[in-house]
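Between the sequences and the hints, there should be enough to build the whole structure, so can you do that?
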Amino acid sequence: MLMRTERHILPVLTICAAILVMWYVACIPMNAVVAETKIAAAGGGFSNVLAVSWGLDRPVIPAPHQVLTEIWNSVFLIAPWKVKSLVFHIWVTLTSTMLGFVMGTILGIGLAVAIIHSTLLNKSLMPWIIASQTIPILAIAPMIIGVLGSVGFTGLIPKSLISMYLCFFPIAIGMVKGLTSPDPMQLDLMRTYNASASQILWKLRFPAAMPFLFTSLKVAIAIALTGAIVGELPTGAQGGLGARMLAGSYYGQTIQIWAALVAASFVAASLVYAIGGMERLVNVRMGARP
Amino acid sequence: MGSFDVAQAVIEAKDLGLTFQTADGPVFALSKVDLTVEDGDFVSFIGPSGCGKTTLLRAIADLEKFTEGTLTVNSMMPEQARLARSYGYVFQAPALYPWRTVEANVGLPLEIMGIGDAASRIQRNLDLVNLSGFEKKFPWQLSGGMQQRVSIARALAFDPKLLLMDEPFGALDEIVRDKLNQQLLELWDRTKKTVVFVTHSIPEAVFLSTKIVVMSPRPGRIIDVIKTNFPRQRTLDIRETPEFLKIAQRVREGLKAGHAYED
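Chains A and B are the protein sequences, given in the same order.
Here our numbering is used: the first residue of the first sequence is 1, the next is one more, and so on.
Here our numbering is used: the first residue of the second sequence is 1, the next is one more, and so on.
Simulated from the structure, these hints should not be mistaken for laboratory data.
Note that the structure is a prediction, hence the values are computed from the model and not measured.
The beta-carbon is built from N, C-alpha and C at its ideal position, and this holds for glycine as well.
There could be a bad hint or two in this list.
[Stated by the list, open to error] With the Cβ distance kept under 7 Å, some of the chain B side facing chain A (calculated, not the full set): (1) Leu63; (2) Lys65; (3) Leu83; (4) Tyr89; (5) Phe91; (6) Ala95; (7) Trp99; (8) Pro109; (9) Ile112; (10) Phe134; (11) Phe230.
[What the hints assert, rightly or not] Take a look, some chain A residues computed to stay more than 12 Å from chain B by CB distance: (12) Gly149; (13) Phe206; (14) Arg280.
The following block contains the structure:
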């Protein structure tokens, strides 16, 4: 574990440093429109160019330290249950992400199990499953929110349905592949035992599908988060990272938008990492070669 | 042949044929096969690839459906025999479930069939294949020969009277194969099972069998059946005896004749 971390830490830090340098450099020309007059007012000079470009109240693109300061202030200096706290918004988005992810996982696995047991379902459902993902989520999200809102569902449920809609797909596809991954001999063996379909499912197909499941889950949980954020955009929601970004863009608060963006990617990375941790635990239980 | 003799036979095939319908037309995998396997026999099917020896074994196991003639296993149709769990099957590869330990692999048929007394059955059968002490290992921690022994223990776990083995040692080197042949023979002698064994090795077939079935391809058919008369308890030394060499010669000639027919 330590070895793993050590091997990864240097390349990761190098890339991070490169991105930060490019970001700071890019701030100067990109903020020039807003900064020009202020730089002139301050008397010009290179040091003023840097100070103004990296310290604007409403920059076109905020400098990294501005984003970090905003995150620090809105995470640690405001009580987490207040609307101004970033933690509050992360929590709102996270709950609908998790609910949508759980529903999507159940739906995806359920569909995969149905599909591998019936050629009829395979032929009839598969085109619909694929077609469902060709519809742009940005187009369909407001409709889902609107329709559900008109029958009295608002807030958490519609948002998590959008997450579910996005994340069942990789799970269904991955699990169809995983559940059909046992080789013919392993299946023939079950046949010689006169095993029932459910015994084959639980004792052979599911264990064999585990690597495929975890790969799918990692993709699914990241897009479940995207789904939740997209679901917050058209609702005029009061809470959530999506609402925070939308409010930021209404009021020209670019620093706030970027803080929410960074928070969202941090949450996504943590969720994917958590799934990876679960995968390692399951691998140990299943005796995988280390 | 009287009805009494038929009842004695574990496997009885008459005029058995099996044709696969493929996109390129029918493939005659088996044609006019007559075969009797009696209780306690060790029968080997030998022949070149494509002679239908594995197909014949799979038809007996009801993993393929025969298309002509009759075939009974324990006086039942193969499907009934399979549903009655009449046989243990050992595949060309160990086909162990990699997420199960050795003991959990051997216990798999017991779980599926709901047979109690699992711990002592697992122990007894691991003893039988000389693998006590490896219960908690996972398959990847074992050598190929050990893995195949686990799969034999698994096939024996629910104590079937009949053991069907499809080239079980084909992927192993000769030294390991000799050792496992010896162990298999001891196991057969001790358990009094009936064994049907597919191989393409002449010494293996002659050493193991009470009856050698020589087969030939296109269409898959039996061209010679040779009974041997070696003592039940025998060692690899018998491979140097004139009688062994004579039988091996007859098998080789049978295989040659089968090929001449093909040309």
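Arg280(A) remote from chain B - nearest C-beta pair above 12 Å: At roughly 15 Å from the nearest Cβ of chain B, Arg280(A) sits farther out than 12 Å, so the non-interface label holds.
Hint validity - Leu63(B) Cβ closer than 7 Å to any chain A Cβ: With Cβ-Cβ at 6 Å, under 7 Å, it holds.
Given hint Phe230(B) near chain A, where the shortest CB pair must fall under 7 Å: Result: violated, 30 Å to nearest chain A Cβ.
Chain A contact restraint on Ala95(B) - CB to CB distance below 7 Å: Since chain A brings a Cβ to about 4 Å from Ala95(B), closer than 7 Å, the hint holds.
Interface hint compliance - Phe134(B) to chain A, C-beta minimum distance less than 7 Å: violated, 13 Å
Non-interface claim for Phe206(A) versus chain B (Cβ beyond 12 Å): violated, 10 Å
Per-residue hint verdict: Pro109(B), partner chain A, C-beta under 7 Å: holds, 5 Å
Hint validity - Leu83(B) Cβ closer than 7 Å to any chain A Cβ: holds, 5 Å
Interface hint compliance - Trp99(B) to chain A, C-beta minimum distance less than 7 Å: holds, 4 Å
Hint status (Cβ of Ile112(B) to nearest Cβ of chain A, threshold 7 Å): holds, 5 Å
Restraint satisfaction for Tyr89(B) [CB to CB of chain A, less than 7 Å]: Because about 4 Å separates Tyr89(B) from the closest Cβ in chain A, which is inside the 7 Å limit, the hint holds.
When the least beta-carbon distance from Lys65(B) to chain A is tested against 7 Å, hint result: violated, 13 Å
Violated hints, in rising order: 2, 10, 11, 13; the structure is consistent with all others.
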